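**Student:** Chains as they are written, first to last, in this note's numbering: chain A, 1 to 323; chain B, 1 to 294.
Derived by calculation from the structure, the hints in this document are not laboratory data. Treat the hints loosely; a few may be bogus.
Claimed, not checked - Below, a list of computed lysine-lysine pairs in the DSSO-like style, where the Cα atoms sit at most 30 angstroms apart: (1) Lys107/B x Lys179/B; (2) Lys198/B x Lys179/B; (3) Lys198/B x Lys281/B; (4) Lys228/B x Lys138/B; (5) Lys129/A x Lys281/B; (6) Lys129/A x Lys198/B.
The model shown is predicted, which means the values in this text are computed figures rather than measured ones.
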Amino acid sequence: MTTVVEVERESPGTRSPRTAARRKHLWSRMVRYRWLFFLMLPGILYFVLFRFWPMYGARIAFKNYIPFLGIEGSEWVGLEHFQEFMSNPDFPRLLENTLIIAALSLFIAFPITIVVALLLNELRLQILKRTVQTLVYIPHFLSWTVVVSLTALLFAIGTGPLWTFFNGLFGSDTNMLADPGWFRPLILMQMIWKDTGWGTIIFLAALAGVDQGQYEAAVIDGAGRWRRVWHITLPSIRPTIVVMLILQTGQLLNTGFEQIYLMSNALNRNVADVFDTYVYFAGIEQGSYSYATAVGLFKALVGLVLIFGTNWLAKRFNQQGIF
Amino acid sequence: MSSSINKRFNTRAGRAFDVFNVLLLIAVGLLALLPFLYVLAGSFATEYEITTRPFFVWPREFTTTSYESILSSDVIVRAFVTTIVVTFVGTLIQLALTALMAYPLSKTDLPGRGPILSLVIFTMVFSAGMIPTFLVVKQLGLLDTYWSLILPMAINPFSLIIIKNFFQQLPVELEESAKIDGANELQVLRHVVLPLSKPVLATFALFYAVGIWNDYMSPLLYLNDTSKWTLQMILRQVTAAASLTPEELHSEVPPPAQGIKFAVVIVATIPVLLAYPFLQKHFAKGMLIGSVKG
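This is chain B alone, in the form it adopts within the complex:
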């Protein structure tokens, strides 16, 4: 911005607004963070501190009882491991299906491309709804299997279109020169297109991963067998209950009534927060690539 503008900002009212704006946005940023900091602090605090101090972001007395109780609980540990595996495998499958469909659709002279794209877009504005999808999953014999958490949402049409648009704007010359060197379509995809698309694919991999990790509706609908429950289902079970007995948790350490809720929230959140810095590096760019027309 030019200096003449900056001078004009430096009126008294302009400065007052700037100060107000800075303070307001700091408050907004803190608001986004504080609930989480409170729960993080609470997960390391004693039961006494949680019930007596109304709000804190640093425990007076530091304890890991809540986490010990969680780690000795079969139910929670099993759900944690299961969810990690399902998320990992599911992300690979979903990303592969999406990218493999996006690549052919990025070829503008592919026969049948127009109708296929129209049908994909149609699924974004109209879906049959919960029950018909449930019945299909049931009919395919996927109820009470982990496939039910992966396959029904395997391709997100939005992601498909954005990845397709990204492939489409890659320079054609690169592919052509590879073809002159004798590469077939599969080799072009593997050695030219995919390496160039790493950032975009990484972004959507993380979106898919977060989607599976956070999913509550699919396990609620498709998993009746409580021993197969994912972490989000367990989290719900733990935080919705007034208090839990060690038997309910299959835990050796008696659970602190409140503290364990704090700790389970943290455990269910940490993997997402670990992925966040990687996600954040790319998503704003990744979201806007391919969504910009003209």
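Next up, chain A with everything else stripped away, as it sits in the complex:
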């Protein structure tokens, strides 16, 4: 079974009366491993400084943080920033934009990934399979800046090949890069172009593990190709699909700051603004640190609920979860 995270737990030993002996044992283990602790030190320092300290600093979401006064000296306001955000007219718009982009990713890009993996799996010409794989993985390694720049060149007014193509197709004269109606299709196209190929890796690995004997048995029973895919291939990779769905759902509100930020402009801001970019504009550009932190915290907490929620659901339906 493929899962991304492996968590081991030490067996919860029952407390024995020989605690002193155990403590001594622990101490001797620590002495034995002193070099290993030493090696871990920089890594632990990293997690404390850059992962956990910010979590402690996030309490400015409940304060009116003024840099001059410091975090401690700033006034405590409780949930005021959260309430302000919820009653802000920006909130429903951000939620809508974020959810639409997440839905495009979940209901269009994700199934396309599975379909491409299945098609690659059906390809019997191994050289072609490897060549196509090599090609479709490449875009994953390009930066969003490059992808957005490519988009800008392909859709450049008057000269871009895709500008010419789509305007010819629809008989229109649109500037797709500025048109709000084109924002989401462009985002979706970029997502598919960049990460479909990469996404197939995990499914192809799962497909390689499907028992070939089942196919032979199905052929003898007279099952056609489509029925073999439906009754053998898909059920075999279902656990992988579920795990990837859980991971995707946990990321529902993470729309990918770089892509959206780089694609948004003054004309399409209304459909482009999502939680991630809003945090940037409110916090970094306008300096409302506390308010922006509250928005970020809200997003992170919803993400946490989503990932544990889908995991719980997956387990209820007898699928293997990730935790």
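Starting from the known structure of chain A, fit chain B onto it as the hints suggest.
**Tutor:** Structure of chain B alone, referenced to chain A:
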């Protein structure tokens, strides 16, 4: 696959599907490549050709004006060199920190291992967000330094766990025999574990390198000083602008309005594409090693 299956595939419908599938996947492969080929061709084409031909993957008239303009631009050359140095140093630091933490965590009887791993996994599902991290970077005095592009992302928890799992499945006998020969933990790591882990470490080194090279958010957040900007920031500046003057680029050669955008995209991509064959050799394997449970 057995021959009986192959015979069954060779029905008329089966063959038709195969042909369709081959054509479709060739198209998919080309789609992944074509935008890049167009920009590559455009970077060597004349301004006239870019503005008049809608699509091409081979320029009619070959010219290097765009690249000459880039190479004579202080801003772009400096950003290119800076980004290479930051990527190189950053990758070394990030990989070292990750491997040094992964190795102790691969020892199942290490005291405190369980809680540390749980905390690491917690950071994968919950993060404080952009602003608190920004404030920490600011408080540490890292704003407008290249450290801000390296340290805040020094250890990727996913990479850490996968490298840890890889170390864990190395045969214990090798380490034990080295210890019988009198090696201490550091020597075991250096002479036994690391040499055996070269492919995995190389894979994650390349992932880290690509991550730093491609990073746009960190320089956007942490570098106010435009003279410190990395190549991705410059690329954004060049392609988002309608056209640039030589003064803006600090360039001696007047930039062709469109051509220079094509050339900068290529320059920002080439190092990644050069790394790709090495990356590709290992990543599928490297990603799956250590992520396979049971």
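**Student:** Given the hinted pair Lys198/B and Lys281/B, is their Cα-Cα distance within 30 angstroms?
**Tutor:** holds (13 angstroms)
**Student:** Does Lys179/B lie within 30 angstroms of Lys107/B when you go C-alpha to C-alpha?
**Tutor:** holds (15 angstroms)
**Student:** Are the Cα positions of Lys228/B and Lys138/B separated by 30 angstroms at most?
**Tutor:** holds (16 angstroms)
**Student:** Tell me if the straight-line CA distance from Lys129/A to Lys198/B falls inside 30 angstroms.
**Tutor:** holds (27 angstroms)
**Student:** Quickly compare the C-alpha distance for Lys198/B and Lys179/B to 30 angstroms and report which way the hint goes.
**Tutor:** holds (21 angstroms)
**Student:** Please verify whether Lys129/A and Lys281/B have alpha carbons no more than 30 angstroms apart.
**Tutor:** holds (15 angstroms)
The earlier numbered hints are all upheld by this structure, with none contradicted.
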